[in-house]
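Sequence order for the protein chains is A and B.
Quick note: the first sequence uses numbering that gives the first Met the number 0, first residue 0, plus one each step.
Quick note: the second sequence uses numbering that gives the first Met the number 0, first residue 0, plus one each step.
Accuracy of the hints is not assured; some may be wrong.
Said to hold, decoys possible - Okay, derived cross-link-like pairs now, SDA-like style, lysine to any residue, Cα gap no bigger than 25 Å in a straight line:
1. A/K25 with A/K86
2. A/K82 with A/D168
3. B/K130 with A/E30
4. A/K33 with A/E15
5. B/K262 with A/D168
6. B/K297 with B/V317
7. A/K25 with A/K89
8. A/K245 with A/P177
9. B/K130 with A/E293
10. B/K247 with A/T287
11. B/K22 with A/D168
12. A/K223 with B/V317
13. A/K165 with B/E258
14. A/K89 with A/N70
15. B/K62 with B/T103
16. A/K223 with B/K62
17. B/K264 with A/D269
18. A/K285 with B/L263
19. B/K264 with A/Q52
20. A/K108 with A/I57
21. A/K228 with B/L263
22. A/K245 with A/G297
23. B/K22 with A/K198
24. A/K245 with B/S43
25. A/K3 with A/E30
Hints are computed from structural coordinates only; laboratory data are not their basis.
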Amino acid sequence: MSDKILEIKNLNAGYETYRGVSHVLKNFNLEVEKGEKIGVIGESGCGKTTTMQSVNQILPSNAVIKGGEINFKGENVLKMKEKELMKLRKKGVNMIPQDPSASLNPLYKVETQLRDVLEISTEDGTSYYNPFMNLFKSKFKNLKNDGRKDKDYYREKSLKLLEDVKLSDPERVLDSYPFQLSGGMKQRVCIAMSLASLKDLLIADEPTTNLDVTIQHQVLNLIKNLLDKENLSAILVSQALGAVKKFVDKIYVVYGGSVVEVGTTETIFDDAFHPYTQGLIECMPKLTGGGFSEGIAGQTPEYVNPPTGCRFYPRCPNSSNECKNNTPSLIEVEKNHFVACEGA
Amino acid sequence: MEDNMLKVKNLKKYFETDSGIVKAVDDISFKIKSNEVFGLVGESGSGKSTTGKILMGIHSPTKGEILFKGKDISTPTRERSLSIKKDMNMVFQDPGGSLDPTSTVFDIVSLPLKIHGLVKNKKETVKRVYKLLESVDLDPDRFMYRRPNDLGQGEKQAVAIARAIATEPSFVVLDEPTSALDVSIQAKIMNILIELQDEYDMTYLFITHDLGLMRNIATRVAIMYLGEFMELADTHIFFEEPLHPYTKLLLSSFPTTTEEEEKLKPDMEVKGEIPSAINIPSGCKFHTRCPFSENICKKEKPKLIEKKNDHYVACHIVN
Numbered sequence: 000m001s002d003k004i005l006e007i008k009n010l011n012a013g014y015e016t017y018r019g020v021s022h023v024l025k026n027f028n029l030e031v032e033k034g035e036k037i038g039v040i041g042e043s044g045c046g047k048t049t050t051m052q053s054v055n056q057i058l059p060s061n062a063v064i065k066g067g068e069i070n071f072k073g074e075n076v077l078k079m080k081e082k083e084l085m086k087l088r089k090k091g092v093n094m095i096p097q098d099p100s101a102s103l104n105p106l107y108k109v110e111t112q113l114r115d116v117l118e119i120s121t122e123d124g125t126s127y128y129n130p131f132m133n134l135f136k137s138k139f140k141n142l143k144n145d146g147r148k149d150k151d152y153y154r155e156k157s158l159k160l161l162e163d164v165k166l167s168d169p170e171r172v173l174d175s176y177p178f179q180l181s182g183g184m185k186q187r188v189c190i191a192m193s194l195a196s197l198k199d200l201l202i203a204d205e206p207t208t209n210l211d212v213t214i215q216h217q218v219l220n221l222i223k224n225l226l227d228k229e230n231l232s233a234i235l236v237s238q239a240l241g242a243v244k245k246f247v248d249k250i251y252v253v254y255g256g257s258v259v260e261v262g263t264t265e266t267i268f269d270d271a272f273h274p275y276t277q278g279l280i281e282c283m284p285k286l287t288g289g290g291f292s293e294g295i296a297g298q299t300p301e302y303v304n305p306p307t308g309c310r311f312y313p314r315c316p317n318s319s320n321e322c323k324n325n326t327p328s329l330i331e332v333e334k335n336h337f338v339a340c341e342g343a
Numbered sequence: 000m001e002d003n004m005l006k007v008k009n010l011k012k013y014f015e016t017d018s019g020i021v022k023a024v025d026d027i028s029f030k031i032k033s034n035e036v037f038g039l040v041g042e043s044g045s046g047k048s049t050t051g052k053i054l055m056g057i058h059s060p061t062k063g064e065i066l067f068k069g070k071d072i073s074t075p076t077r078e079r080s081l082s083i084k085k086d087m088n089m090v091f092q093d094p095g096g097s098l099d100p101t102s103t104v105f106d107i108v109s110l111p112l113k114i115h116g117l118v119k120n121k122k123e124t125v126k127r128v129y130k131l132l133e134s135v136d137l138d139p140d141r142f143m144y145r146r147p148n149d150l151g152q153g154e155k156q157a158v159a160i161a162r163a164i165a166t167e168p169s170f171v172v173l174d175e176p177t178s179a180l181d182v183s184i185q186a187k188i189m190n191i192l193i194e195l196q197d198e199y200d201m202t203y204l205f206i207t208h209d210l211g212l213m214r215n216i217a218t219r220v221a222i223m224y225l226g227e228f229m230e231l232a233d234t235h236i237f238f239e240e241p242l243h244p245y246t247k248l249l250l251s252s253f254p255t256t257t258e259e260e261e262k263l264k265p266d267m268e269v270k271g272e273i274p275s276a277i278n279i280p281s282g283c284k285f286h287t288r289c290p291f292s293e294n295i296c297k298k299e300k301p302k303l304i305e306k307k308n309d310h311y312v313a314c315h316i317v318n
């Protein structure tokens, strides 16, 4: 199919640790069509970030992919050579990283880092930044512009981007090193970087964790508008269910490295079937009051020796013996509503 | 016995920085009643954490009076008596950063017991720590001699709570205790906090930016903006009949999951960001973002006025 942007099929991946190999992803499936916004929800330690990092192959060095396919526009990412992968990262997939302080280089000013992104991803290669341009300009006034852009061009573009993400003092931010900025500011710099050039797929890995609700609201609206204009696809990984609800069309609920429920946003919020999804939604404190739910008992599984069968059964309120032995696969219970549970 | 656990009068805290004076807390007054959960909400940079830290004595106030059970505690912490320190405690936002990575859970929780001389010997200490860990829902046999690195985020925060309640304080400052946690764990920790408050008769100052949390735990809520109170009311009034435009702005940007919640949200366009605390706008500090702002808002600072019974608002337009 041509309009499928991303297709992850039976992906199995894990990490080599000193205690043995951890089997994080287990038959992970995900599809993104053109123009579709997907939400991926689940607790920390459920393999959300591992999946997203495997799409453009930026996993840590101890990661092992044991099987499966990741097709980006019909091409298998797992079989790509390094050169093709670089092209994919530059032109195909955009990523807003989870930890902004770890993804900005502490040794360079924000201006330099934004300029790098702008020149690598937006231009076609002919008009890269020329550090001597300013020097030339002052020496030879009549020098013809050969298509290369100078510092001011990029600075102006960067300023515009930072204003878009509601940074109140973009000039100062550009002239700062990352350590001089707060967590929220750094996060917005990262968002600005990814908005510098919109690509076919945007992966936003918890993009708004450090932001205030007012800013979160504005930034998500901005991203959504930009994507809708160009009919581009996005994956939003988040724990803020309220934000996910507003942003996406379809939700994947992930637990223990596999997808446990898939459905449109309304289905997931109104008739979730899987006990895990129900638990997650109940956990959200409500503006209408009513106290707190019990939470979900227990913890996310340990991946070196994961539970056999359904990985959720140790925490599941309705578990039976079958859950322990059989691994449930995704079954379509209604149209476009898939659940992986023995009870389905 | 006075009904007010804590009385704060004209509290100010200014920080001097290279680029100017930061007015983190600018003239706030409030009272916290015994056994209530007083909530402080606001965006980051509004001075809510600073307020909590001043009460705990981590910062000393630039000006103002703090009376805790009738005693003045606006002096630096070093001059506070041990009995006051025993009676107030704090849980920090980052559970990883507030626990010593080289100590075991037992060391961490037993330290305040030893400092305040609440235990006589090792056997008694173990017994007390055992009970404290049980009260925060940690299995003592499994966790007592682990170190923070072996614990999950939720467990670390539970240990921090156990440490805070070890001396049985009557007043606890909770500075965004769940913002680093998963929602599933957040619910668990909140339930523990509510249970403990009942059990030990504690008063909480609960600081958070999450209005959903606030709705479910606080009895009274104050909203802070650039070091000042904008609105102060009982929780249900605060959420059902918000008066101040800033409260409305925050409520309308809150991401909700159900339709009933959607109805509670005022219809308002969300724009702008909290200005830098160095260049504070003149007059009403909120006028730069306020859709209803008029001339008077730019010139005069509104006072916090009791609009209805126990419902205070600082706004020219509303008053």
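May I ask which of the numbered hints given earlier this structure violates, with the numbers listed in increasing order? 1, 2, 3, 4, 5, 7, 8, 12, 13, 15, 16, 19, 21, 22 and 23
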